[in-house]
Amino acid sequence: MTSVLYDTQGPRAKRRNILYSALFLVAFAALLWWVITSLNDKDQLAWEKWKPFVHSEAWSTYLWPGLQNTLKAAALAMVIALPLGAFFGIARLSDHAWIRIPAAAIVEFFRAIPVLVLMIFADAAYSAYTNTSSDDRPLYAVITGLVLYNSSVLAEIVRAGILSLPKGQSEAAMAVGLRKNQVMRFILLPQAVTAMLPAIVSQLVVIVKDTALGGAVLTFPELLASVSPMSAYYGANTIASFTVVALIYIALNFSLTSFASWLEGRLRRGKKSTGVVLAPAAVGGTESTGTGVGISI
Amino acid sequence: MSGPPVRRPRGRRTRASPHAEAREIVFDFLQGYDLLGAFWMTVKLTVLSAVGSLIWGTMLAGMRVGPVPLMRGFGTAYVNIVRNIPLTVIILFTSLGLDQTLRVSLGSDQVDTVNFRLAVLGLIAYTSAFVCEALRSGINTVPVGQAEAARAIGLNFTQVLTLVVLPQAFRSVVGPLTNVLIALTKNTTVAAAIGVAEAATLMKSMIENEAQLIAISAVFAFGFMCLTLPTGLLLGWVGKKVAVKR
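Protein chains in written order, with this note's numbering: chain L, -17 to 279; chain E, 7 to 252.
If we strip away everything but chain L, and leave its shape as in the complex, we get (with noise of 0.2 Å):
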């Protein structure tokens, strides 16, 4: 037990953490009881309502489905968000005013809507103005949205990748005689690509959280949006149904946050950049106005 917040424990301080800690099992226990009671009487209990979870069917039915319609589109909106925010956080480094204002107010823009805000306008730009079939419209609404908002977060992890790599990187590189582009090229962006890695992989984590707006304002068939059938199908398990649900989100999210992290010590220790390797979190804070990478949804 190190901790520079407190002591190594003597029998005394030993005698009140026990104590201590049986006050918090009493609470805790109290707040478990309660809510097993209250499950139990409105039946939620039962083995019928957990049952279909442990057949096949519950799966190739409904989750399956949904999770596939999950992960689909938030693979496509990372592919999609991905060169677009490095255009973005490349072009606010820019040399030249009028590529750097530009893409720092559009930046901006789309850092300060919700995503929400944003899915329900490409939902609807889409009804109005193209004729996509209504089947194909809410998986492209998600993405546009995901897209819109994640570029511009994604660029600003591309940016803070590139101003953390040390000055002489890029002195020493147009010394040699490199144009601008090259520099950016072959020198800062190799290096800040593996500074950004665990940022990026975390913003995964992000992109697929948000995907669950989709089925619960729009009428994105994924994961969340099978718990509703799912339950009126089994006979209103919606307890069951739901913690399922978030399980399966829990699962996929923290083996994304466990790579991520797994992936900065690695780098950290590898030092194959020379650059500040950015912390999962650590980003979006270089900005007074933004999200922090890692909330939001």
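Hints were generated in silico from the structure; no laboratory data involved. Check the hints yourself; a few may be wrong.
As the list claims (entries may be wrong) - Distance condition first, Cα-Cα at most 20 Å in a straight line; then the derived EDC-like pairs of lysine to aspartate or glutamate:
hint	chain 1	residue 1	chain 2	residue 2
1	L	33	L	23
2	L	162	L	77
3	L	54	L	117
4	L	24	E	105
5	E	50	E	40
6	L	31	E	105
Starting from the known structure of chain L, arrange chain E on it as the hints suggest.
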């Protein structure tokens, strides 16, 4: 635009501003909608959730750095579980699970009030995990010597935390907490999923009923920028002011 001003015949409209008519034509899609009311609901959701999650988040951070293993475990588990669930799932669960299945109505029998309170509850539960993490990173920026000196003069854990470490930690995390607050402001739109009459709900119904898609979206985008950008600038300035210079 229309050349020299046309002299109007004396009558009812003589004294009206020449722009009044234009304004009526451009903004007539706003007629009959309570735009300010919707944004006021967004502000109310934001402020109540911010206060709640600041309190609960600080308590979680205290648990996570404290000497009691059970509380540490609880704090860690809470943060890791809640951070990885979409807010939409949490908010929908408060309505479909807590309210409609378990009949937890938070002391009200009016549907609007119940949904508002449930949305605040969900936002607090979600946001406090991020507040906790921001605070914990702030605690890490306080130099070791500060806590060591506090212990050396005989302060116990609670005193070290509340008198020495947290005051310094709070000053260094104004920036990250501002980001959390801005994200919270934007996240209040998720309450639209359970029908709280806030900005995104109104935007959706206006888009369904009116033709001016671009104008409506621009109004709402502007409204959110009015909420988020000044918050960021103001608190960014405050953060620089109060930061402990090291």
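Taking the hints in turn, this is what the structure says about them:
The straight-line distance between the Cα atoms of residue 33 of chain L and residue 23 of chain L is roughly 19 Å, inside the 20 Å bound, and the hint therefore holds. About 10 Å separates the Cα atoms of residue 162 of chain L and residue 77 of chain L, which keeps this hinted pair within 20 Å; it holds. Using a Cα cut-off of 20 Å, the hinted pair residue 54 of chain L and residue 117 of chain L holds, with the two alpha carbons roughly 15 Å apart. Distance hint between residue 24 of chain L and residue 105 of chain E is fulfilled; the C-alpha atoms sit about 12 Å from each other, no more than 20 Å.
Taken as a hint, the residue 50 of chain E and residue 40 of chain E pair is honoured in the structure, with Cα atoms around 15 Å apart against an allowance of 20 Å. At most 20 Å may separate the alpha-carbon atoms for a hinted pair to count; residue 31 of chain L and residue 105 of chain E meet this at roughly 18 Å.
The structure meets every hint from the earlier list without exception.
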